[in-house]
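Enquirer: The chain contents come next:
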Amino acid sequence: MLEKLENIKKQFHEELNAVNSQAELEKIRVSFLGKKGLVTEQLKNLRELTPDEKKTAGMQINKLKNEIEEAIVQYQKTLEEREYIQEIENAERYDYTIPSAREAGTLHPITIVQKQIEDIFKTMGFIIEDGLEIQTEYNNFEAVNIPKNHPARDMQDTFYLENGQLLKTHTSAAQNTIMRKYGAPKKGEPLKVLFPGRCFRNENIDASHENTFFQLEGMMIGDDISISNLIYFMKVLLSEVFERDVKVRLRPGFFPFVEPGFELDINCAICGGSGCPTCKHSGWLELLPCGMIHPNVLRMGGIDPDRYTGFAFGLGLTRLAMMKYNIKDIRLFNSGNLKQLRQFTR
Amino acid sequence: MLISMNWISEFTDLSGVNIKELINRFTLSTAEVEDIYEMGKNIKDVVLGKIIEVNDHPNSKKLHLVKVDIGTEVVEVVCGAPNVFVGAHVPFAKLGGRVGDLEIKEVPIAGVISRGMCCSEKELGISDDNSGLMIIEENYPLGTDIKDFMQLEDTVFEVDNKSLTNRPDLWGHYGIAREIAALNKRPLKPLELVDTSLYKDLDPIDLKILDNQRTYRFSCITMDNITKKKSPINMRIRLTYCGMRPVNLLADLTNYLMMEIGQPMHAYDNRKVKDIRVKTFSEPFEFLTLDGVSRKIDTDTLMICDSKEPIGIAGIMGGELSSIYDDTSSVLLESANFDGTSVRKSATKLGLRTDASSRYEKTLDPEMTVLAIARFIKLLMEIDPGVKVTSSLTDSYVQHYDSITIDFDKEYIDKYTGIDISSDMMEETLSALGFDVHRSGDKFSVGVPSWRATKDVSMKADIVEEITRIYGYDNFDIYSTKSLLSPIRHSVERDNEYRIKIFLSDKYNMNEVHSYIWYETKMNKELGIHTEPNIRIINSVTAENDTIRSTIIPSLLGFVYKNADTNPEMGMYEIGRVADGLTKDGLCNEKKRLGIVVASKILSEKEVFFKLKEAIEQVVLSVKNRTPKFVENNEINKYNYVHPINSAGIQLEDQEIGYLSVLNPRIRNNIDKKLNVAYAEIDIDDMEKIDVLPLEYKEVSKYPGVTVDLSLLVDKEMPYETLTKYIDLYPCQYLDKYYLVDIFEDDKLLKDKKSVTIRFEFISMERTLESHEIQSMVDGLLGVLKDNNIELR
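Here the protein sequences line up with chains A and B, keeping their order.
Counting with the working numbering, you get residues 34 to 379 for the letters of the first sequence.
Counting with the working numbering, you get residues 40 to 832 for the letters of the second sequence.
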């Protein structure tokens, strides 16, 4: 009996070594472990043996059966691995240097810069507001302290409409509406608001002049907002915008809606302040007008100028985008030229 | 405006002051300095010489051989000037000297050695006169360096005029000197004047102001026995350095006064002008100004006249016929103040902005008129001592500015500045600037000087500026605000705008564009696009682009046209404004619109249409969590670029928010026959009125579901939505959802029907559904459909 089992074992290993596929392996499994398989047959032969022999032989047969089962499982794994290797070796080699066909969509460069700046100001607690493009004379002029006879109101600069309205000439046109919307700030909770917008001036278009352009304006109004705060906020916010430690300096500047009014310069990034053609050898670049909101403007906005003070600043968003992307011709922005606009992927 | 430091130093001591640093302080505290010029540095070794002999040049008719006595020696030079004569005193540049860019060397000129150079005024940089040699009339020993008696060396700086618009007091050197004195903490010297009360017994001039609106003040005086014609050399140098051209003594002096104290003046020939009327005319007329141009004067323009005729345009320019001539020896001197706005409007209408008018525009101080006359006479008499004043100072002060007193305390200033500036420093600053300061501890009451009171300084906030700018913004401590930490209200609309833009750009590869708010009429004509009349701009850039758009689509179609040649596939969008007519109160009904256009030469028109539709659905879903409905809308057919069949209104919660359409072939063919175009417009404002559907999470079943595909035969024309209505008629709690898999059409096989394959998903939350249950639900559904003539294929 034992000898027979040894022979079966020997026969099994011989056959197994010749197997080359899952199908052949299954055949072997059936021929040894199947209902009529060699090992199963041996179990049937047990009837003819004595109880002691039965016990020993039974154990031997089971041992062989387990051995064969395990060998088959092992062999199956080997076969699978062999097949994987084969599949991988036979795989088509893809040319990953082939460019993808998909062309990325783009945001308008103004949108990109605008969003970046809005995000920066949001981190400092600024609310983002919007305003109309078609405005009343009151909002665009009177409410920001530009009286009837002011040169800024001369016909040539402003697009007037048939109904007496106009295309807003500056983002300041939204100041009054925003002040009225939010009202006087609570103690210790200054109103901080940023309002970008599209503005219009009646001028001839060339590489550096557009009649339609974007500005971005900010205000902060509270019970103790000071010039010192203005300089601080400008310095930290502009450092974020320009991604460097910006130096700022203030010069007196006249704008009807602020008093005192300032021109804010930043140190020139090209030369670092030592003087170069970009900054006309002064080391400084004139960047934005700002100032303490004029008491008349606060009053017209329903905010008591004896209790509250505030600062405001304006930034040429279109100009900033030109600086950022080194755009030489302002006409790009409203051109709808896809060849140009598709470049602004970030 | 150009400012001479030599001139400034007449009014405040500049000794020991670093001029460059001072000018920088001026930029930071007063007004922007654009440029600094060092004058006269390039003139070296030029001395007073006397021409003692003039001979013809052997080889040239134009050139002369000249002997010049320069005190220590006599030098022979070749000279080309036409006005060379024996006895002339001229500036002579010695060998080794320098005149501008020219180094003086021994050189042969037309074959004769020249050992120096006689100079013209232009060569010395003191005027543009290059007609001949400069003839020096002043008496100095020969060989004296001309710099010893000519103020050639000067630092001149140019102030940006724009930064002076609100400072009428800074339009002359004296005002600038006041600032510089305050910055330097040194005193400002008073102007040297004559005492005009000496003339009070003389007859006044017959002066009548007939327009009290446009005139503030008119002062005048007459003088006789003026013999000198030419201004002293140093006055001419200053005028030249400050950008004025020296002409003759009287004209130069009026200009000099304007540059010195900012008061425009005018000198009339007293032989012609004896009396003054200031008025407007009831009819327009032609008037010859002293630049020789005939100008049309309208009825709003204030004129200076004598009792017979107009002699000058008030505040702008005098007349040709009453001007100073070479033989003028008696003058009527005008020093007046007019309404700034009226001068600006007249100057704009005439297209004639002069140095005078641009000063009047700034609202000058009327107190200056008599001051200027007193200063004029003082300077004139120094130059020409024989001059006689022949009238009393005649002065008509028609309108006064209110005198202004401002009360404030230190606390107010501190709140504005955020820093601590001492009351002493405030007092010192304001006094230096000419304010009349009354102080009691930290309380102030200050009188505003007349030169700041015309519009510039009127309230407390203006005082803040005066104190802080002299204190210096560079000296400020800077710090953040004290404020509570509180959440920021954020704008959902703005967030949605970005969401839409990023969605269309990132998911649908579209490009965001910006277009103008008006219709581009020429482009629209070219494409055959008709637009509706809408509100117009009354002063548009070009006459044709005067209509504000009421829809964004024509702008986008214009961009498709511009890009069609080079781009077989396009997706563009814009969120922009339109005016959708007027509101009840007559204001523009401004709306924010999203316009999208998809165009392709590769996709079919149908594919383009459905790509657009998908984009719209996804965009709306992403911001509102609601799926829009597409419905018939005949109203959009008013646009000739809409496709009458393949277009639809877009609804959200039964509210119309926009439409989409295939481009009408009539317009398409004007762009590109092969280009398939579809576009949509959504009113963002209308869409934002619909609230966001709150997202509700639904538990998913633990049991497996069953899907059944049914191909249903329906009428070819039946919209999918109609079929869904029939399906929805069948109430079935286990039908989780169903969706379209395929639509099959075949004219031969199915004739006027189409086969719509829909996948139904059945599922229960409690158990696994049995197959016979599914079957009975399918049978039930088919039964309902059959009742509505829909069969299984």
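Hints in this document: simulated from the structure, not taken from any laboratory.
Keep in mind the model is a prediction, meaning the values are calculated, not measured.
Using N, Cα and C, we set each Cβ at its ideal position, and we do this for glycine too.
Treat the hints loosely; a few may be bogus.
Pair ranges (Cβ atoms, derived) [stated by the list, open to error]:
no., chain 1, residue 1, chain 2, residue 2, range
1, A, P184, B, S484, 50 to 56 angstroms
2, B, G139, A, D278, 42 to 48 angstroms
3, A, D239, B, L621, 55 to 61 angstroms
4, A, P184, B, D448, 49 to 55 angstroms
5, B, I527, A, D278, 51 to 57 angstroms
6, A, P184, B, D459, 56 to 62 angstroms
7, A, P184, B, K640, 48 to 54 angstroms
Enquirer: Does each hint fit the structure? Answer for all of them.
Expert: Now for the hints, and whether the structure bears them out:
{"no.": "1", "hint": "A:P184 - B:S484: 50 to 56 angstroms", "result": "violated (33 angstroms)"}
{"no.": "2", "hint": "B:G139 - A:D278: 42 to 48 angstroms", "result": "holds (45 angstroms)"}
{"no.": "3", "hint": "A:D239 - B:L621: 55 to 61 angstroms", "result": "violated (34 angstroms)"}
{"no.": "4", "hint": "A:P184 - B:D448: 49 to 55 angstroms", "result": "violated (35 angstroms)"}
{"no.": "5", "hint": "B:I527 - A:D278: 51 to 57 angstroms", "result": "violated (26 angstroms)"}
{"no.": "6", "hint": "A:P184 - B:D459: 56 to 62 angstroms", "result": "violated (38 angstroms)"}
{"no.": "7", "hint": "A:P184 - B:K640: 48 to 54 angstroms", "result": "holds (53 angstroms)"}
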